[in-house]
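Peer 1: We have chain H; now place chain W onto it with these hints.
Listed below are the residues making up each chain.
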Amino acid sequence: MVAIKQGYATDGMTATSDFKAIQFYGPVTSLAFVRSNILLAGRGSNLSIYDWNLGQVLKEVNLFKRSKIQGIAEGQSTIMVWGACSLGFIDKNVLLEEFNFSEYILRDWILAGGWDYHGNACIVTAHNLLLHISSDCKRVEKISTCGVGCILYSASIFSNSDDVIVAAGTVFGSIEIWSSKNQAVVSSLKGHEGSIFNLKFSKNGRRLVSCSDDRSIRIWDLCSSQCLAVGWGHSARIWQLIYLGDDTIISTGEDSTTRVWRFHDGMLNCVQVWEGHSGRSIWSLAVAEDDNTVSTGGADGRIRLWNRANKPSMIEDRRTINFDDVARSITIKCGSIKQYIAVRATAYAFSTMIGYLVLLDTVENSWKQIYYSPALAGYSILKGWDDKPFCCVGDRRGFVYIIDSDDPSRCITIAPLAEICGKVTEIIPLSKDNLLYVLVQYGDGETPWSFFALQVDNGLSLEYSVALEAQPTFPIASACIHPKSDVIVVGSRFGALAIYSITATHATISASGCWRRVMSEDCITSLTATYIDDGNIDILLTSRNGSYSVCNIILSSDTETATLDYLHLNRLAKGSIEGATYLPDGLVVWGFRNNYFFVWNETLQCEIMSEICGGPHRQWNFRIYSPTEFSFVYTKASSICIVNVGDSGDPSSPNSILQEGSHGREIRAITVAPLTNDRNALLVASGAEDTCIRLCNVFGNGHLRNLSVVRKHVSGIQGLKWSTNGRYLFSSAAREEFICWKVTIRGKNVYLYPICSAPIETDLPDLRVMDFVVEDTIYNGARCYFVVTVYSDSAIKVWLFNPSKAEFRLLSIGRYKTCCIFKAAFYSTDESFHLLIGSSDGHITSWDLSKLRQAALCSPACETARKIKFPDPEWSLAVHQSGVKSLIIVRVADALAHESFTIVSGGDDNCIAVTKSTKRESKFLPSKEYAVADAHASTVTSLAQLTDGMVLSAAVDQHIKVWQLLSDSKLSLVEDTYTTVSDTGCVSTGSIVDSAATTLLIGGAGLAIWHVNNFWNSGK
Amino acid sequence: MGKCSKDKRDLYYRKAKEQGWRARSAFKLLQLDSEFHLFEGVSRVVDLCAAPGSWSQVLSRSLPEGSATIVSVDLQPIAPLPGVITLQADITHPLTLTNILKLFGGEPADIVCSDGAPDVTGLHDLDEYIQAQLLLSALTLATNLLRPGGKFVAKIFRGRDVDLLYSQLSLLFDKVTCAKPRSSRASSLEAFIVCEGYKPRPGWLPESLRVAEMKLPLDLESTITGKREGAVAPFIACGDLSDYDADATYQLEKGVQRISLEPVQKPTAPPYKTALEKKRNGTLR
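These protein sequences, in sequence, are chains H and W.
Going by the working numbering, the first sequence opens with residue 1, and the numbers climb by one from there.
Going by the working numbering, the second sequence opens with residue 1021, and the numbers climb by one from there.
Excised from the complex, chain W in its bound form:
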């Protein structure tokens, strides 16, 4: 979360800096918790795609000190956080599962959450697909980590194939809800899927979801009438109506001077860093 012109515009962005959150998305988890009481009786938590670590911050601040083990996983390095074990690993790698379970002393997790999102290209179909794949990877890991009755919370894009995702998830959980925190802009496709009451399916293997993916049909003609089995998850808006609104524009109180706040956590090096440098010194042409 750097310093940019957005500094002036989004209230949650500013509040995040003021309250020391590493990203404004912290408010999304806080508002999801206020609706679903996600953290009640939780002692083992996994935060996937955790960088820069704002959800882990929420977890460590919300759970009583010493009462819970929080493991944060990301491919990118996460700056250390008190009370949080950070793990730089690929969530699709089989070793990652083993390593997390080791940290939990072999006990299953109570909740697995993921705020991960891919590089958005602008081709909506592709972006939604990649997001769904990311979610499935997180779900694969979650199904191997969660205790029966455990919870899974993840970001989704509410696009054209969201109904398929709902039907897949409802096979694994008692209750699936699509939640939109007030801190998430209405103009964005983003929403969160809150899955409660994990019900393990007999014979479930770590690769099960992936295997299902890989089972591509060999007889192409049998796929012609590919029937879509969609479902619509009930929608819940979360956060109090009196909460700040991500779509609204707030005037600063009179007399308050606009101060530019330093980012809590400087952004990790973006891939296009070199290109930006070249642009700045005029060698990009």
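If we strip away everything but chain H, and leave its shape as in the complex, we get:
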């Protein structure tokens, strides 16, 4: 028997030698700026210390055993921290060194803390008590009350030389202002409805700002007790407020926005809105000494920095050019402006109605003519390259002109290949190495498209030209070129894709492949090629419908045909996508939403810039010069607005992500993949209430690298599992959603493509696919997956998933009773195959599916057979008093194991039970072996097997326990630790290559990463 070890394993602290919490990504419950460069953050029970100027973590330290750090207040030489009933003090001088810390536990919840006029700490508790702490921070000197003892949701203190004033936010909507000296209420502020969630004094203590359940912000004059103004704007509850000296207020809340308000002329107006957290709720808010840098911490675990002065590290150079001014500036009469492009960060080329091409240098603010042709009068089309300062113009006769804007004498005119072609309707400039390419489409839709290659050396010369067979109803919208060979891929305005290999010597080259409606029938707005090998490329496509995808195209060796395969498909939560590119820190996409233009880093899930431009129906041009330099030009109200964004070289990085996080809602499923894209990390999929599936890497040090966030489900994720070979990921949710995702690993990238969804048969939005089991198998010589899904209406469905056909074929439907099925598992011997379920009536039930599976996999006739009869259960046993919330089949090192299976289950009744299914004369029968009735103090939500005979349990009581399954099927508790993850719901384990420790992931309201040393193996 192993001795029971009890401990607290919160991040950074070793609970026992075998359990070590490494990292926590969850609600950031407090933030405070200290000194000029330090930001402190309460992340669970741990304090993270950042140098926000450098964007670095300096230190992470565990402070409290169980409580989350909910407040930090900086004093003269001491920092006070608190959370729940815990309180502690840190000497500022040793903040960055090893320091001793004592956790004091009061019996009341601490709502607010601060320092009085004399430099002593004060705290206010939920029962409206004010505690004066001695100057050595070791004793409570005095407790003040005001006689109103009702429960508070918020409090704040203000101190002058002879008194401490408390503002107490009650649950009934009133705010009580009371004096510590008189121990009496000074005034009662009435106006809010519902609980007061936060309140703050102004710096001089004359005013107060408050927010409540009614979603309004109120400013109060404390002399008259009058409400001066009410601010509306948040679409959900408001949690945090800051009152700055200049009557500026900052607020954050449940709608995940941060708002800046100005109180002016008796009005409280919202002047800025920042959106940069995912999911629900921003819990913490702080402002630096400069009153300019703001930090927010969300339920998503992210810490962000914002700059109130709108002076981010990115320098924004913006100017507006009025058309009339242009006309005046140009000395020659050039006519009115038709189109424009950016040629350099500081130069723009404009085509005019009467055939001129003029260049604006924004540094010298000078205009010059760079080209003129009467052929361009009346009709012309102007395009440019992202990385080259050339302009490309097409005319009404089909001619194309290429001009170097740096040296206009370097230019070339290219005649159309066909005699009759109509006007140039589209030009797509491409480039590679030292070559420029131009793809041209003409007004007459049947004319072959032209493809010109130009050599750029001292001059500009045509290398070759070829005609490409035009595809019918194919207005060209985008194109890209294979990085190593002359293969181009063209996208149309109607969602079609065509590929051409230019290696052939035919007069007119035919397409090797053409596919319609590739993502949808919406415009393919951009194409980006990634090299795999010759004749094999990955293409990144963006669509005006707001989706983007990655496809793989393989050309046949004779280049006559090509195949297209989807690797990835995802939809942005915002607007249309007009373009995309890979930058060093991730995939960047841009487009329009409502009336603004946005640039979004999809990998980091954060906005890089946005500009209210009035929407997409206007001329605009976006160019990226380098990972930190880009420009957006657009026309608005007969003016041209230029927004240049560039790296200022300032090392501080406001508007940035200081700390990366995870889901913004409770994680409901987490699973380590059997494969990885990085030897040094686990590949992990997680699903949450936010309906998203996230892929990330978890490194040995517990650090997280987000890979992608896919949005396909419309309800919270219930289940997530990989196939044994890691080639597919399955996910389930409400509305009968059950999706199979194809997994592709390309270097460090991992792609997910929703290859198929199970058909939806009812219109019940609440019909949840609670769990499922997948078995890799062989059908007709091909790899197939035998799948069982279980539902909240007691239905059990058996499917065969055939990847080559991308379909779920329904084999059989069974029904348990009328209750909800929570969990499912398979167990099998050489001869038989069984399904096990745990349901809300506390029963565990087993079916022998051998015949059904046999019929499905072996008989060719079943292709046509409609459905196979679902058998009656072989046994059903009442194991728990209420729902079976977790269930696993445990491997037991036992010779009899083939004939006997050990089932460990956890219930809503706090119980963990051991049940066996044993073969007795050709039939499996159940036996109740053992039960720990009070295994946990609340619902046992998850179980996992660590090694043979060792079972880990997680419950809503936030305890993680390890049980040894003894040979007599009894469970013996060997480890009991506490996790900072509340609403603890799911666990998964895995091992990084060459690592001795097992990594344990715990999901719930946040994600915790632990290391488990497999001491049980070493025979300790």
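Fair warning: there could be bad hints in the mix.
[Unchecked claim] In silico DSS-like pairs for lysine-lysine, Cα to Cα no more than 25 Å straight-line:
no., chain 1, residue 1, chain 2, residue 2
1, W, Lys1299, H, Lys574
2, H, Lys636, H, Lys574
3, W, Lys1293, H, Lys190
4, H, Lys851, H, Lys817
If you're looking for bench data, these hints aren't it; they were derived computationally from the structure.
Peer 2: Just chain W now, with coordinates in the frame of chain H:
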């Protein structure tokens, strides 16, 4: 209990409307009663945090007419119910106790129940704490109202500190059970604490529990090894297994037309009513 998309999804929600209950929580009390026979020989009942009044409805329908005095207390107004005396009052206010005792003619209560819950914020620790405080307020009142041997039933959140609550309650009652009615979703942290056999402690004062709360330690260093004394209450699932299941999805019988039912009792004005109005007419920006 308004009209919303939930109308389609929860069977108990729909049944509550069909049977004229003001909230689906009525079924929770009915199922608790079927397990614990809460209403046997009961003549004086107090329902705390009673709005909108579904538990009071259950009480008035379950207890024979005229056999019992039912007092329902809430800060919010409760629409009148036959056989129920409603009291708009704060349960933490000392006068409330006096007023209830007056209604009972100075006699103690047989059972005190509370289905109250706070505004849930999403910060689980805080929500559980506030719920525990609400429960302690109800318990303070209950200990001053109950006869020896009386019962106390209240909602709890089964979170991380639930074991502390169990140990506190077991000092005051012979038997403490954590019960989960089938009509309460397994996915919710909600459960009910059923305390039977009240044993008054000598020298108990109305403020006793609160005073215990207020006795904050003055020497902070003495609190460093704050030992937790937790206990686990036995768990009982209640309601028959053949009862409807709150987690399950039920198909409507074929041929039955889905009718949207009007709520039995329109919701009282929520605090964010103005914000919703502003959102609707587009002035929230």
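Peer 1: Within 25 Å, alpha carbon to alpha carbon, are Lys1293/W and Lys190/H?
Peer 2: holds (17 Å)
Peer 1: Given the hint that Lys636/H pairs with Lys574/H, does the C-alpha gap stay at or below 25 Å?
Peer 2: holds (22 Å)
Peer 1: Does the alpha-carbon distance linking Lys1299/W and Lys574/H stay inside the 25 Å limit?
Peer 2: Holds, at roughly 21 Å.
Peer 1: Assess, step by step, whether the Cα of Lys851/H is no farther than 25 Å from the Cα of Lys817/H, and give holds or violated.
Peer 2: holds (22 Å)
Going down the numbered hints, you'll see the structure goes against none, and every one checks out.
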